[in-house]
Each structure stands twice: as C-alpha cells, then as structure tokens.
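Residue numbers (the numbering used here), protein chains in the order written: chain A, 1 to 412; chain B, 1001 to 1068.
What the hints contain is simulated information worked out from the structure, not anything from laboratory work. Fair warning: there could be bad hints in the mix.
Said to hold, decoys possible - Restricting the straight-line Cα-Cα distance to at most 20 Å, the calculated cross-link-like pairs of lysine to aspartate or glutamate (EDC-like) are:
id	chain 1	residue 1	chain 2	residue 2
1	A	K119	B	D1027
2	A	K174	A	E206
3	A	K119	A	D217
4	A	K119	B	D1039
5	A	K174	A	D138
6	A	K174	A	E199
7	A	K119	A	E192
8	A	K119	B	E1024
9	A	K119	A	E129
10	A	K119	B	D1030
11	A	K174	A	E192
12	A	K119	A	E222
13	A	K119	B	E1009
14	A	K174	A	D218
15	A	K119	B	E1031
16	A	K174	A	E191
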Amino acid sequence: MVRSDVDGEAAADERVLQYPLPGAGPLDPPGEWARLRQGCPVAPVELPSGDRAQLLTRYDDVKQVLADPRFPRVGAGQGARIASDSGGVFNSDMASAVPQTGPEHQQWRRLVGRWFTAKRMVALRPAIEAMAESLIDDMQAHGQPADLKASLGFPLPVWVICTMLGVPDRDRDKFSYWSDTLLNLTRYRQEEIVAAQAEFLAYMGEHVRTKRERPGDDLLSELVTATTADGGRLTDAQLVGTGQGLLVAGHETTANMISKMVAMLLADRRRRWEQLLAEPALVRTAVEESLRFDANPGIGMPRYLAEDLELSDATLPAGTTVMCSMGAANRDMRAFDDAEEMDLSRSPNPHLSFGSGPHSCLGQALARTELQVTLEVLLRRLPGLDLAVPVEELQRVEGLVVGGLRELPVRW
Amino acid sequence: MTVRVGVHEDRCCGAGQCVLLAPEVFDQRDEDGAVVLRDPEPAGSLHAAVREAAGVCPAAAITLDDAG
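Modelling step: build the complete structure from the supplied sequences, incorporating the hints.
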C-alpha cells in the first residue's frame, strides 16, 4: 500500500523494529524499552526469522497475555517463528511427549508440581549448599581471576537437576555437555546436536527403565509410580520428556541468572554487595530484585493469539503473534515505584520474570532456592568478591532465547 | 482489624511463594503442590506476609478481604 504524506505520521508509528532490541551496556536495558512503554505499547517488530510479531512492553499487557490460558506458547506451526534455522530443542518433537496445553498439560503439571513444593525446596537446600561449597572450593583451588559462570553458575543447576533425577554424580559431566549442546544453537554443529540428542534420549530411556525396576529416593523414582487423579501414570516417553524439560528449562536459565545476578550486585563499585554483606537477611528480596532488574533476560515469551484480544490500549486480531517482554514490563513505572532503581529490599516484588498465571514457570521455587543459596554461600565464602574486569567489558551471550553473559571474570 | 484469606485451588500454579512467606497461613499439598489454606483469619502479625504473598502470587490465587 502506498501512503500519502498525510499518513506520514502514522507510517512513522508503524516503523518496524528489528528484534531483539540492542542493549546499551552489558547490564543495561535496551533504550527502546522506556520509549515503547510510554508511546508504543504494542510495537510491530521483525524477528530474526523475518516473521512479524507485536511487542508488548507494559506490565499490565504482558501480565494479561501471559496469564490468559487461551493463548499457549507458539508452536505446532502456529504463529511467527523466532529464527528460521532454530533447530535445537525448541523445534524438536522430544519435548512434545509432554502435553503442552489443556487438561493433559494440567495433569502433567500437577504430577510434576510435587517436585517443586516449598517443603521440597527447604529439604533440598542443604544439598544445594554443599554443591555450591564444593564448586567454590574448586574455583578457589584454581586461583584467581576465575570465571564464576564456568566454575559455579553453569555446573550448579546441572548438578541439582541430576540429583532430582537420581542421576549418579559420575554422569553429571555428560548431562552438562548434553544440556549445553541441546540449547546452544550456535556453538555446535548440527551433527553434534543430533548426536547429543540421541545420546541423551538413550541415556534417559535406560535411566527411566532402571528407576521403574529399582526406584531410589529421588524425585524421578517417585514420579515413576505416581498416579494422576484418574489413576493414570506417566509413560516412559513422558518421563524422558520431563527430564529433558527440566534440563532445557532449568539449566541455562539458572546458570545465566546466577552470573547476571552476581554481576549486577558487584557493579556500581560493589555498593550492593556491601549492602548484602552488612545485611544478609536481604538475600531473598535481593534475588527477586535481580530477577526483576535483569536487563538481558532473552527475547521474551511469544504467544499466538487464537482469538481477538483486548488490551488496555488496543485490540489485537486473532492470528497475531505477540512477543511479551518481561524485562521491559518489569521496569514499568506504572507497576513499580522507582522502577529504574535496583532496590534490594523491594517488597512486594510481583515481577514477571517467571511469567504469570497457569503457565508460569513450574520450577520457579527451585530457581529461587538455587539463586538464594548461591548468593548466601558466596557472601559467606568470598566476601571480598569483585569483578576482575570493568563492567563495560562483560560480554553478552549471542544466544537468542536465554540472555546472559559469556563469562563473569572475578577476584576475591 | 481482621483479614479474611481465601485461596483458589484451581487457579494455583504451585509456585510456593505463599508457603515460604507465610507458612503459618499457607501450605501445599504433597501430591501436586496445590495451595492449602491453614488459617483463613491470621493474626495481625502475619498480615504483612499474607499481603506480600497475595501480591506476588503469579496465579492471583489468593484473595484478601479486609473485614474491618
């Protein structure tokens, strides 16, 4: 359609942004977030695949869409693709063994939900603490400076997942490799990804069979025998898919968040780190604030609108793919006082980093526990922790889905 | 002042925040992590924690009614 000059202003408003949006520094939010929240809360964007989506940046809008059970995440050929070549796990059918929507999803979620209760997390704390201690021992033994991401952030969540799945300690490194390969869409060749998928599936299939025959005291064993309200049980394929889901959803995300959290706390001349050393009781709210303040959380959550949707300021037609930017929403001053300030004692802190509503992150209690324990142990063991490079020299990872820092060089 | 607490078990997504913030008031079922209300009229000393729990519940499954 050709626009006349009269339409110039409208045309400018419909300017299509390339997505993801660039951030200024490694810990800074994209400058566009504030502008879009203010003036263009539904913004047309072009994804790396070339497909179009509408970007939502306001707290209320993002929360409303994420919490709406009518709109599942994009998949099954519906809606815009993020990247045209995103092979990896997001397009594989491995994860589809786990029902994604409807009553079956609800039932699966309730079965697996038993893994993540607050009581379970309290019980798991000492084990996580011991893992953090042991990883920090190794990091110290290797001397400084060290990469806190490789030494602590990356291995810790895999170790935790292995414990939950009842995988022996000697196989942790295999899990680390598979997880990295399945998620990293750029670093590995296609053959390596395919081989890792096959190895992982074979291992997990065998592991599930073993647990059926000889259940242990791990959570996977419990799930093997658990029954749904109507007496159904999870199939082997579903159990393997669940194990994979745990790795996909719980590893890279937590690994990156540990490093980003520590980076945010050490930036600004360690002012926040000192605050926590003086007041360790702030660890819980500091973790929540780190989750809220994360300027580099990845691309956000895509949703396919199967029906028209009415937002506060606009109506979106059925067939639209929306991209929910939780990072932008988390800095919306309509929802948070001094939204652009990192306040370690902020409470309540209803950030959207784990989503909202029935599809909000199943493992959020685990992620919180891992982040809290890691921070507590670091404050106790390495009170003198500091960045080994200037903040500006930290580099973002190039991956699309989960945002993070490539390395976190530290001294202590 | 009395605060009446209500929970929507069917909305609950098992995030467990309420149990961590106010274990005297909220619990989770062992089988599936769904919310269990232990005390619908908690003492005044717990009101702040209960309000925070309601404020951060990702499923908006906790309702508060200030009965005056």
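Mind checking the alpha carbons of A/K174 and A/E199 for me, to see if they're no more than 20 Å apart? holds (9 Å)
Holds or violated: A/K174 with A/E206, Cα cutoff 20 Å? Within the cut-off at roughly 15 Å; holds.
Is the hinted pair A/K119 and B/E1009 satisfied, with a Cα-Cα distance of at most 20 Å? Answer holds: A/K119 to B/E1009 is near 18 Å, not above 20 Å.
Verify the proposed pairing of A/K119 with B/D1039, using a straight-line Cα cut of 20 Å. The given pair, whose Cα atoms are some 18 Å apart, holds under the 20 Å limit.
Can the restraint linking A/K174 and A/E192 be considered satisfied, given a maximum Cα separation of 20 Å? With Cα atoms ~14 Å apart, A/K174 and A/E192 stay inside 20 Å; holds.
Please verify whether A/K119 and A/E192 have alpha carbons no more than 20 Å apart. Not OK: A/K119 and A/E192 at ~39 Å, beyond 20 Å, violated.
Pair hint outcome, A/K119 versus A/E129 [Cα-Cα no greater than 20 Å]: holds (16 Å)
Compare the distance between the alpha carbons of A/K119 and B/D1027 with 20 Å, and conclude whether the hinted pair is satisfied. holds (9 Å)
CA of A/K174 to CA of A/D138, is that 20 Å or under? holds (19 Å)
Pair hint outcome, A/K119 versus A/E222 [Cα-Cα no greater than 20 Å]: holds (16 Å)
Please work out if A/K119 and B/E1024 have their alpha carbons no farther apart than 20 Å. holds (13 Å)
Taking only the CA atoms, is the gap from A/K119 to B/E1031 under or equal to 20 Å? holds (12 Å)
Of the numbered hints listed earlier, the single one contradicted by the structure is hint 7.
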